[in-house]
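*Asks:* Here the structure of chain L is known, so what remains is to put chain C in place on it, guided by the hints.
If you want the building blocks of each chain, they are given just below.
There are 2 protein chains.
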Amino acid sequence: MSEQLNRFMDEQLPLLHTHFTELFKGKSYPEVLNEAMSYSVHAGGKRIRPLLVLAVLKDLQSTSQDAVQVAGAIELIHTYSLIHDDLPCMDDDDFRRGNPTNHVVFGEATAVLAADALQTLAFEELASLQHTDPTTILAILRAVSTASGAAGMVGGQILDMQGEGKQLTLTELEEIHVHKTGALLACCVESGALLANVSESVMQSLRIFSSNIGLAFQIKDDILDVTASTEQLGKTANKDTASAKSTYPALLGLEGAQAKLENHHKLALDALEEIGLGSSLLSQIADYIINRNA
Amino acid sequence: MSEQLNRFMDEQLPLLHTHFTELFKGKSYPEVLNEAMSYSVHAGGKRIRPLLVLAVLKDLQSTSQDAVQVAGAIELIHTYSLIHDDLPCMDDDDFRRGNPTNHVVFGEATAVLAADALQTLAFEELASLQHTDPTTILAILRAVSTASGAAGMVGGQILDMQGEGKQLTLTELEEIHVHKTGALLACCVESGALLANVSESVMQSLRIFSSNIGLAFQIKDDILDVTASTEQLGKTANKDTASAKSTYPALLGLEGAQAKLENHHKLALDALEEIGLGSSLLSQIADYIINRNA
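Residue numbers (my numbering), protein chains in the order written: chain L, 3 to 296; chain C, 3 to 296.
Looking at chain L on its own, in the form it has when it is part of the complex (with noise of 0.2 Å):
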């Protein structure tokens, strides 16, 4: 990870996770949900969508008082996926990030009503923000919905299901990942440009960039799973191949994979060179993206 982008996070990320342990604080929750709730977000993790919605801004020379909160707001929304994804109806997992999953600490019932609620913080989170215009507000609350929806990141889980295994095509494949995790990392790139008020064209090749990126990070988790080992990735390894999964290795081979990897790298780098942006933090978090090792 370059220099620049390993400062940025050291200085962004106490930030979000202060925002994290105040939004808990004070709240009339019931104390087992409250614990539910903030077990999961504080369970760690790479933290990518915020930070993309705090790079954009900076990279765009622009500040917001609710950038933050907004990030944040994503991060509620990917931490509810997780923790439904993990239930025994869905992939059964007790493990994720190292850490015991949701409802094998807090039993199902209340995973299940935990992340409900997460998702609910999410748009009220949102629809509080305190420094942003009304009209910008219900824009990223339009965003966020959308890429997190049935059309969306929820969609996607549907298609993945779907495709258990089945020998799915390339475009299949895509489709999945599309929505299932690109939705939601273009949403914060997105999220984060319209604080910052850009452009039309602008807001285009950010796109651009998100789609690349949204697709290298699938594409690389893919890779992961076959080359990393449990210990390195905090979650179970190998495990796309024990289940017959569709994936861009099985699809392509390693090597294939890796220069489709590369190819929608070069895509996500030249998007962001027509906008000036050639060297900018969104560029090493697309770096760090296609070099991470778990």
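To be clear, the hints were calculated from the coordinates, so they are not data collected in a lab.
Errors might be hidden in some of the hints.
Since the list can't tell identical chains apart, any single copy or any two copies may satisfy a pair.
Cut-off 30 Å, straight-line C-alpha distance, at most; resulting in silico cross-link-like pairs (BS3-like, lysine-lysine) [to be verified]:
(1) Lys168 with Lys29
(2) Lys268 with Lys48
(3) Lys247 with Lys262
(4) Lys27 with Lys241
(5) Lys27 with Lys60
(6) Lys241 with Lys262
(7) Lys48 with Lys60
(8) Lys48 with Lys241
(9) Lys168 with Lys241
(10) Lys29 with Lys247
(11) Lys168 with Lys27
(12) Lys29 with Lys48
(13) Lys262 with Lys27
(14) Lys168 with Lys60
(15) Lys27 with Lys268
*Replies:* Chain C only, in chain L's frame:
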């Protein structure tokens, strides 16, 4: 049910159902997800929540082209909560409103996700209102998210779970219902009133009305569980007694519960009287809640 309320329902509910039909038409959702979402939304029920939104506007002699969309959004929230409530890890109910529950028809994983997407859709719908000023939309979004999240409906479900098999005090029982059903019912009245742009003093009276019909609604539910048949209810009768659940009849006896029901009914009507709505649709909805037999 009064003739006026009956006419109002005959006039308004088809608009709501057309709205729901349109809502799921032409959406780019994966087909099974669209079906699962639409299945529970169209499964019927009393539609008391949307009716409250629409009735308060009518009573206040106000109109809004967004009324049905707001009413529908809150019904989507209610519907998502029912799907998750019915899951095997929660209440494990196979029937709802006389029909097989969502997970029985579509499987657990799809049911979890369909409900998630219904919640998202509710917020997307609210953020997309076309005929309401952005500040009012945000106020409605805050009301709906607060009422339905960890401080409201979801919190109430957790309290309800925690109370299972325990002998609760009347205060504890009330705490559950104020959150579990009261908050969302109250937010229907509040959302309608926000669309009608009422004064704070009218809003105060409406809040007193709402909190009282919220409790009345639940007390009546508990009474019906004892006195009505499974056929009448479209769900298993005597379920509360069978599961030794704390209910108003169990705590106060059937007569005591009935007296409490009537007291809340009177307080609700008094609050309406104060703002000149003594013989309004809202008062007739209150009567209907008290007198219904399913």
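*Asks:* Which of the listed hints are not met by the structure?
*Replies:* 4, 13, 14, 15
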